[in-house]
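Student: Listed below, chain by chain, are the residues.
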Amino acid sequence: MKPCRLLAVLLLALPLSAQVVVDPGPRGGTPDAGGPLASVAANNPFKILDFFLNAEQRFQEIGSVKGTIVGAPDDGLGPRFNALGCARCHAHPAVGGSSPAVNPQVADGKAQGAANVIPSFITSTGVIKEARFVYFTDASGNPVTSQPNGQVMPLFTIAGRTDSGSCTTAFIQQPNFANAVAKNNIAFRIPTPLFGLGLVENIDDSALQMVLTQHYTGPYYVGGTFNRSPNDGTISRFGWKAQNKSLELFAGEAYTVEQGVTNELFTQERPSPEENRDQGPGLAVQCRLNPTPEDHTNLDVPAEDTPSDTVMFALFMRLLKPPVENMGNPATNPNFSRALNGSTIFIDIGCNSCHRDKFTTEPSSITPDLSSKVARLHSDLEIHHMGTGLADNIQQGNAGGDQFRTAPLWGLGKRRWFLHDGRTTNLITAINAHQSPGSDANPVILNWSLLTPTAQQDLIYYLRSL
Amino acid sequence: MPLLFMMVLWLSAQGAVPKDVILVPGAVPSASDTTTPVPEAGQLGGGRYRNAYFGLTYPIPAGWTEQPAGPPPSDAGGYVLTQFATMEEQRLKAHVLVTAQDLFFAPFEAAGAKELSAMTRGQVPARYEFDKGPDQVTIAGRTFYRLAYKAPVSGLRWRIFTTDVRCHTLTFTFTGTDVAVLDAAEKALGGLALDGKAPVCVNDYARDHAVTKTTPAFANRYNTIPVRVIIDTEGKVKHAHLLSAFPEQSQAILTALRDWRFEPYVVDGKAVEVETGLVFGLPRLVVR
Chain B
1135 MKPCRLLAVL LLALPLSAQV VVDPGPRGGT PDAGGPLASV AANNPFKILD FFLNAEQRFQ
1195 EIGSVKGTIV GAPDDGLGPR FNALGCARCH AHPAVGGSSP AVNPQVADGK AQGAANVIPS
1255 FITSTGVIKE ARFVYFTDAS GNPVTSQPNG QVMPLFTIAG RTDSGSCTTA FIQQPNFANA
1315 VAKNNIAFRI PTPLFGLGLV ENIDDSALQM VLTQHYTGPY YVGGTFNRSP NDGTISRFGW
1375 KAQNKSLELF AGEAYTVEQG VTNELFTQER PSPEENRDQG PGLAVQCRLN PTPEDHTNLD
1435 VPAEDTPSDT VMFALFMRLL KPPVENMGNP ATNPNFSRAL NGSTIFIDIG CNSCHRDKFT
1495 TEPSSITPDL SSKVARLHSD LEIHHMGTGL ADNIQQGNAG GDQFRTAPLW GLGKRRWFLH
1555 DGRTTNLITA INAHQSPGSD ANPVILNWSL LTPTAQQDLI YYLRSL
Chain P
16 MPLLFMMVLW LSAQGAVPKD VILVPGAVPS ASDTTTPVPE AGQLGGGRYR NAYFGLTYPI
76 PAGWTEQPAG PPPSDAGGYV LTQFATMEEQ RLKAHVLVTA QDLFFAPFEA AGAKELSAMT
136 RGQVPARYEF DKGPDQVTIA GRTFYRLAYK APVSGLRWRI FTTDVRCHTL TFTFTGTDVA
196 VLDAAEKALG GLALDGKAPV CVNDYARDHA VTKTTPAFAN RYNTIPVRVI IDTEGKVKHA
256 HLLSAFPEQS QAILTALRDW RFEPYVVDGK AVEVETGLVF GLPRLVVR
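Taken in sequence, the protein lines are chains B and P. Numbering-wise, the first sequence is residues 1135 to 1600 according to the numbering used here. Numbering-wise, the second sequence is residues 16 to 303 according to the numbering used here.
Treat the hints with caution; some may be incorrect.
Stated by the list, open to error - Pair by pair, the computed Cβ-Cβ distance ranges are:
1) P:P33 with B:Q1420: 50 to 58 Å
2) B:K1200 with P:T270: 33 to 41 Å
3) B:T1303 with P:T270: 47 to 55 Å
Claimed, not checked - Simulated crosslink set (DMTMM-like; lysine to aspartate or glutamate; CA at most 25 Å straight-line):
4) B:K1244 with B:E1408
5) P:K165 with B:D1555
6) P:K34 with B:D1555
Please keep in mind that the hints were generated in silico from the structure rather than gathered at the bench. No experiment lies behind these values; they were computed from the predicted model shown. The C-beta atom is built at its ideal place from N, Cα and C for all residues, glycine as well.
Okay, chain B solo, but in the shape it has when bound:
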């Protein structure tokens, strides 16, 4: 028997269980995301499109310390930062998305002659990362378990840049990431996609609470609770742990933490957690280079230039249209019917319990396409225990070390990296990671394991259609 014929016979003889389920990877073709809601594109109400376009342009601007660098007009960068602009990270598959194929942090950390060392976990083909230290450390660099840290440790400083002035390495240094990695004292987050967030913002708490009740009466026990605003007790819903109540807060926090730009919500230059520790010295005066807040309402300009960047970033997120689900053309996509089958299996095994397919928004005062619309976000916006395997040991609000907001799955078909820390590019690995001691999702993953390989593959095709 010829070798190739023997191989064919052997393959046919393989039991069903030996079939390999594969993730085909990010869906090709058009981005199926990005750009304004249809009512915004139609300029309803009058002038809203001008505001959106202005916001989109600001979202893509590159930052520099004083705004004096050619091509980097957005002032206020640093003294610590993770990237030079919003769209550096929120880029794929369109402006407002998540991590692109090439990580811009490698270039951003060295831009304008900056003296930064690129941390070992940042690579040009890897995912964009934000880092947090789990614990503060002692003089020897050992984690001190009685002193949880949990705050963002920006990767880079402006020291060495041509526009850094007095802020030199004598006054500001990068955290010791090599030690943090060696001591496993570090947790990562990747950028969340921003498409459709105006719809998310406009879902009433009562609708979310109704779904939570169904967790406790349905055939799948998945627990769940809400993270809540410490100010008014209402349900917060943005960020990996649903730690932010509103898009404006989300934007203001990111602007100061990721780019170092003080704003009307976060008004002081942010020292590193270490500089603030034990009533420490704070940020060196040599590195406080601009009057604060650096981003503010512009009172001397007309119309859409008046609001601050923070307000316009929030507006941009609010008016971005949601991702488009795309199973392809039934006539030309051989996997169309399998993806359709997968949408049923998604419900059968209980994914839909937490990755709730849709909510209806409330009447909106902003634009018709935010008003009483169906948002197919595939998330209950609750925080769930995800177990020891996914725990990052960072507490934010009421979300403990292993609790995360159910990640919305809209746009998943285009995503390159999965889970809060971007640990995998493979959907199957991401699914299996939902199972570990302490996870709300354990029964659902057992249901996934009950499926035939064909049914599992159908589900993967469905997920890549989102």
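Got chain B; can you put chain P on it based on the hints?
Tutor: Chain P in isolation, oriented as in the chain B frame:
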């Protein structure tokens, strides 16, 4: 908690943060003492799962193995007690999830297992096929409400058994693809024991019959803190179990409850222990 303590000791010795451990747990369960049984403290041994709080002994079907532990009790009174699964030829064939729902803190209005079973049935998609078979069965001398159905597309089958214990619902959810395996698991459920020795349980007794109480002082985090208490024959708190609370909240509540006094619960002219519930922080969420 001892495991966490040991991990912290290990961490101190090694100088590195251990992997795959929850060191910053958020809201967790706690209790006023370590001797009174609590629902989340079931144990496995001798081929049986035992839960002293519910008086439950569940003989694990032959060939079934324990699965990763569930999450801590929820702030809505939900418990994952344990989970087992069985495999054949390296393929999962079926699993059983054992859960409990504290009816004092549930986010729905239901008097017990019968209503909860009906609610669950109401959530089953219309395209699913219900099996023939009884809606009620008697196991361990108790009435269990039974739901059995199949999802035609995925081929998954469910058999769900729910009963009432100690003002909780106790549910066994079997899921699998093989009828024979599910039949055998259902048959093995016949070996279940529920001894039923427990204080009488009365919803809202503590709320309505407090004589003396002081408000515990803790910062409001806008979380719901459900607390099961056993009140002794003198009206004192004999035992308190906080299902879900941050450590500073637990400490403040347990300290305050030491001073609380209630009217003793009386049955046939005689004071008896009573088990009831209290909620601190954000009120219980109930969607009607």
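Student: Next, verify each hint and record whether it holds.
Tutor: Okay, the hints, checked on the actual structure:
1. Against the hinted window of 50 to 58 Å, the Cβ-Cβ separation of P:P33 and B:Q1420 comes to about 39 Å, which falls outside the hint.
2. The beta-carbon spacing between B:K1200 and P:T270, approximately 55 Å, falls outside the hinted interval of 33 to 41 Å.
3. Between B:T1303 and P:T270 the C-beta distance comes to about 51 Å, which sits within the given range of 47 to 55 Å.
4. A threshold of 25 Å between alpha carbons decides the hint, and for B:K1244 with B:E1408 the separation of about 23 Å falls inside it, so the pair holds.
5. Distance restraint check for P:K165 and B:D1555: the Cα-Cα separation of roughly 37 Å exceeds the 25 Å cut-off, and the hinted pair is therefore not satisfied.
6. A distance of roughly 15 Å separates the Cα atoms of P:K34 and B:D1555; the hinted pair therefore holds under the 25 Å criterion.
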